[in-house]
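So the protein sequences, as listed, match chains A and B.
Letter 65 of the first sequence, counting from 1, is numbered 65 in the working numbering, and no numbers are missing.
Letter 26 of the second sequence, counting from 1, is numbered 1026 in the working numbering, and no numbers are missing.
Treat the hints as calculated values from the structure; they're not laboratory data.
Among the clues, some could well be false.
Below 20 Å or equal to it, Euclidean Cα-Cα: the simulated SDA-like pairs (lysine to any residue) are [said to hold, decoys possible]:
#1 B:K1070 - B:M1040
#2 B:K1070 - B:D1034
#3 B:K1070 - A:D55
#4 B:K1070 - A:D45
#5 B:K1070 - A:D54
#6 B:K1070 - B:A1098
#7 B:K1070 - A:P49
#8 B:K1070 - B:D1035
#9 B:K1070 - A:P53
#10 B:K1070 - B:R1060
#11 B:K1070 - A:L48
#12 B:K1070 - B:Q1086
#13 B:K1070 - B:Y1050
#14 B:K1070 - A:N50
#15 B:K1070 - B:R1055
#16 B:K1070 - A:Y52
#17 B:K1070 - B:R1048
#18 B:K1070 - B:S1027
#19 B:K1070 - B:E1082
#20 B:K1070 - B:E1056
#21 B:K1070 - B:A1087
#22 B:K1070 - B:F1051
#23 B:K1070 - A:R46
#24 B:K1070 - B:I1031
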Amino acid sequence: MIVAGRSGEGVRLVLEAEEAMLLSELADQVDSVLLLGSGDDPAIDRLLPNAYPDDVEAADEFERYTRGSLVDGKRQAAQSVRDATDVSDGRDLVEIELDESQAWGWLTFLTDLRLILAERVGVTDDGGYTEDEERDDYLRAAYEWAGFVQGSMLEILDPMDA
Amino acid sequence: MTGILEATDVDLDVDLDRATREGVARSWRAIVWDDPVNLMSYVSYVFRSYFGYSREEAERLMLLVHTTGKAVVATGHREAMERHVQAMHGYGLQATVARAES
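Pulled out of the complex, with its shape left as it was, chain A reads as follows:
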């Protein structure tokens, strides 16, 4: 993927069809993780953290009042990425223009994707990986790639020398 530059207050992305398909598939999976929202899935704890780790009652109440809209917002972000990267019409390159608000949707989606992948591939507190042969190289590559894309978008949206 190439983060091609500014588009007004937003950003312009150019993806190869294979990258778009990968992103679309990953976005669909993020949406599914959120849709299922299983309490058994440790990734959910990363996506929807406990706001009151020392107060069960307050934690439950916070969750009751916030979870619905948080899940909705994250699912909408994932769905918009999935739809924008749909390549069923057989193009070789996919060009996507995002305004500032849409770019935020992508940034938060990429964050949620990396939070899920980090849990799946066992990213440890020092940013390394656990030594587990069972873990999938494909997921690690996707994790690194999503971070690269997000970093590239931020360099355009928030240049350090501004």
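Please arrange chain B on chain A, whose structure you already have, making use of the hints.
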């Protein structure tokens, strides 16, 4: 609520009472915790965009999170801190609400 200009019959108990209430109202914190996933540039951009902090303040808070493991990003009413923490969760940051230590 009585405005300052209407307080013609001020007595000490009422003033103390108000001071206590305001103290309680401000005694909550929104805390963001370090995690190994989020990019430093992203965390800083979130602090700047959401809270409206200057680039310097956003960088300072981000580095505090990164180096010490956490940072208090806002203090105030409990409801306001819960809104901030909900927003941080929306951005994918690890955040909690806590009563300020007196």
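Cross-check of the supplied hints:
1. B:K1070 - B:M1040: Cα-Cα ~13 Å, so holds.
2. B:K1070 - B:D1034: holds, 6 Å
3. B:K1070 - A:D55: holds, 19 Å
4. B:K1070 - A:D45: holds, 18 Å
5. B:K1070 - A:D54: holds, 16 Å
6. B:K1070 - B:A1098: With a Cα-Cα distance of about 12 Å, the restraint between K1070 of chain B and A1098 of chain B holds, given a limit of 20 Å.
7. B:K1070 - A:P49: holds, 15 Å
8. B:K1070 - B:D1035: This hinted pair holds, its Cα atoms lying about 9 Å apart.
9. B:K1070 - A:P53: Distance ~14 Å between K1070 of chain B and P53 of chain A Cα, so the pair holds.
10. B:K1070 - B:R1060: holds, 12 Å
11. B:K1070 - A:L48: holds, 18 Å
12. B:K1070 - B:Q1086: Holds, at about 17 Å.
13. B:K1070 - B:Y1050: The given pair, whose Cα atoms are some 18 Å apart, holds under the 20 Å limit.
14. B:K1070 - A:N50: OK: K1070 of chain B and N50 of chain A at ~15 Å, within 20 Å.
15. B:K1070 - B:R1055: It holds: about 18 Å lies between the C-alpha atoms, which stays within 20 Å.
16. B:K1070 - A:Y52: Roughly 15 Å between the alpha carbons, so the hint for K1070 of chain B and Y52 of chain A holds.
17. B:K1070 - B:R1048: holds, 17 Å
18. B:K1070 - B:S1027: holds, 18 Å
19. B:K1070 - B:E1082: holds, 17 Å
20. B:K1070 - B:E1056: Given that 20 Å is the threshold and the Cα spacing comes to 17 Å, the pair holds.
21. B:K1070 - B:A1087: Satisfied, since the Cα-Cα distance of roughly 17 Å is no more than 20 Å.
22. B:K1070 - B:F1051: holds, 17 Å
23. B:K1070 - A:R46: Answer holds: K1070 of chain B to R46 of chain A is near 16 Å, not above 20 Å.
24. B:K1070 - B:I1031: Holds, at roughly 7 Å.
Consistency with the previously given hints is maintained throughout, with no hint failing.
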